[in-house]
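A.B. asks: Listed below are the residues making up each chain.
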Amino acid sequence: MKSVIAEDLVKTYDKGNVKALDHLSLDVEEGTVLSVLGPNGAGKTTTVRILSTLLRPDSGRASVAGIDVIKHPEKVREIIGLSGQYAAVDEILTGYDNLVMFGQLYHLGKKQSILRANELLERFSLSEAAKRPIKTYSGGMRRRLDLAASLIVKPKVLFLDEPTTGLDPRGRQEMWGVIQELVKGGVTLLLTTQYLEEADQLADEIAVIDNGKVIARGTSDVLKKEVGGERLEVVVESQHVAKTREIVEKVSGHSASVDEGLRLIASPVSTGSAALFEVLKALDAAGIHALDVGLKRPSLDDVFLSLTGHVAEVKVAEDQETPGGSKRKKEKTR
Amino acid sequence: MSAFQDTMVITQRQLRLLTRVPEVLIFSTIQPIMFVLLFRYVFGGSIDSGQPGGYVQLLMPGIFVQTVAFTLAGTAAGLAEDMKKGLIDRFRSLPISQSALVLGRTLGDSLLNIVVLAAMGITGLLVGWRPSGGLLNTALGFLFLLGFGYALSWVGIFVGLSAKDARVVQNVSFLVTFPLTFLSNAFAPTTGMPRALQYFAEWNPVSTMVAACRELFGLENQFGATAGSFPSENPLITSILYMFLIMAIFIPLSVRKYKNVSN
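Protein chains in written order, with our numbering: chain A, 1 to 334; chain B, 1001 to 1263.
With a cut-off of at most 16 Å between alpha-carbon atoms, the simulated EDC-like pairs for lysine to aspartate or glutamate come out as follows:
(1) A/Lys135 with B/Glu1081
(2) A/Lys243 with A/Glu278
(3) B/Lys1084 with A/Glu91
No wet-lab data here; the hints were simulated from the structure.
The whole structure should be built from the sequences, with the hints applied where relevant.
C.D. replies: The following block contains the structure:
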């Protein structure tokens, strides 16, 4: 059974000048996780806001657990949990105060609200910070509390709008752990993210959206297959990066992504080792010595690149080396 | 019934915020007290009010009204802040009555007004204010002030929901309430103003509120209300009408705005 259905949703802002959703359709099977993946401005938040009754679409239909979102928003609100891009909790109040307040607003009664608050604080490792104002919390703690607030009545459907945006790698890992626990518990989850890795980790199915439309959907494996073949990666010395890119693009027939810091040129290829050989030959002919070459299984980055023709992280502010040496993207949050 | 409970939970939140950040309560009390002292001792000596008991008798109702009018900014800024933090989205995604949040906030702000008015009243008594309308009328005067503050907090709700930034809200509210409270009979006679302003000041709800309070506190002199116009002759009735008018306009507007706040 489909727990969440969105059909043909259209939403424009600014008197029709900005098209946020352009006939978007998607659905989520009960008890599964759908990740809505896309860059900033693709329409992810608008989709979540419509499904969680905060926003009315210009046209189209949407339902959650069989209840029409537009006709019966008050009934939908009883069965959903929403955790947004910002930690939407009262910063001045303590974690405990917040959860008790939200419990009361879910009509649990004072006693039940207190019990539930303590239970959730315990579960999300926030018991020690329970009596501190939220403004003293770290980003990860705030997100966990925000998530806890959306779980007070054990929602049938949970919407998480970019639950890890702005968190450091450790906070992100913790959040993933928490979400994976939830998923094991059988909740139906719609999760938006701009992190391809996140979608890969958490979702049963992925819907890639761009410019207010779903441009591809399927399991991570299916999407990767759709791109076809593997990904070729070459590392060269910095003065050869531009020339190498040319060569790689010529061989692969796709545009290549370049990581200047790592001097890494990557592109999806469909002919596997033949392409690798060809690139090496061409590099040799150009007198370029490759420091490292390899074929990798395609990442979702490649999926996005080949689906949209542009890279997913449109708002990458800077690249930062993490202590472990792996790269992470630091993104500007709006 | 649950709508009432939801409202109470929101009101409780407002009060809890005051206990968590006592500075808010302290400063919202100190500012009007400062006004009382400044006006009493800076202008009190030079304004010839012709009022038995001195300028302070006329001043106190003026400052009371000014203070409740200024709380509009607090209501608006608080709400704008909640919007920015995404808290309004969370509240709107809850299965609660759609008016509970705004209703709860207006009630919470009214409770704050009670504390502030009490502190000012005590200060007034210390510096020579002596309401002489009898206990009942004096109490009625304070009730009026609370009613006026309550009506205005709905304007604050609307402003807060309409604006994008809490600082802008603060400035806009100030830009509106400051002239409104001074283009009135609150601090000086309106008779000295240019004709057009005099006309405005007479119909200004702040003036009618001040005049109504003066009446209830037992004063004869209406301090500049030129005789003959309806509001200056009937400040009580006019004020009541204003309060209902403000609420009749801004309650539905605010509730509607809240429901559609992200559309």
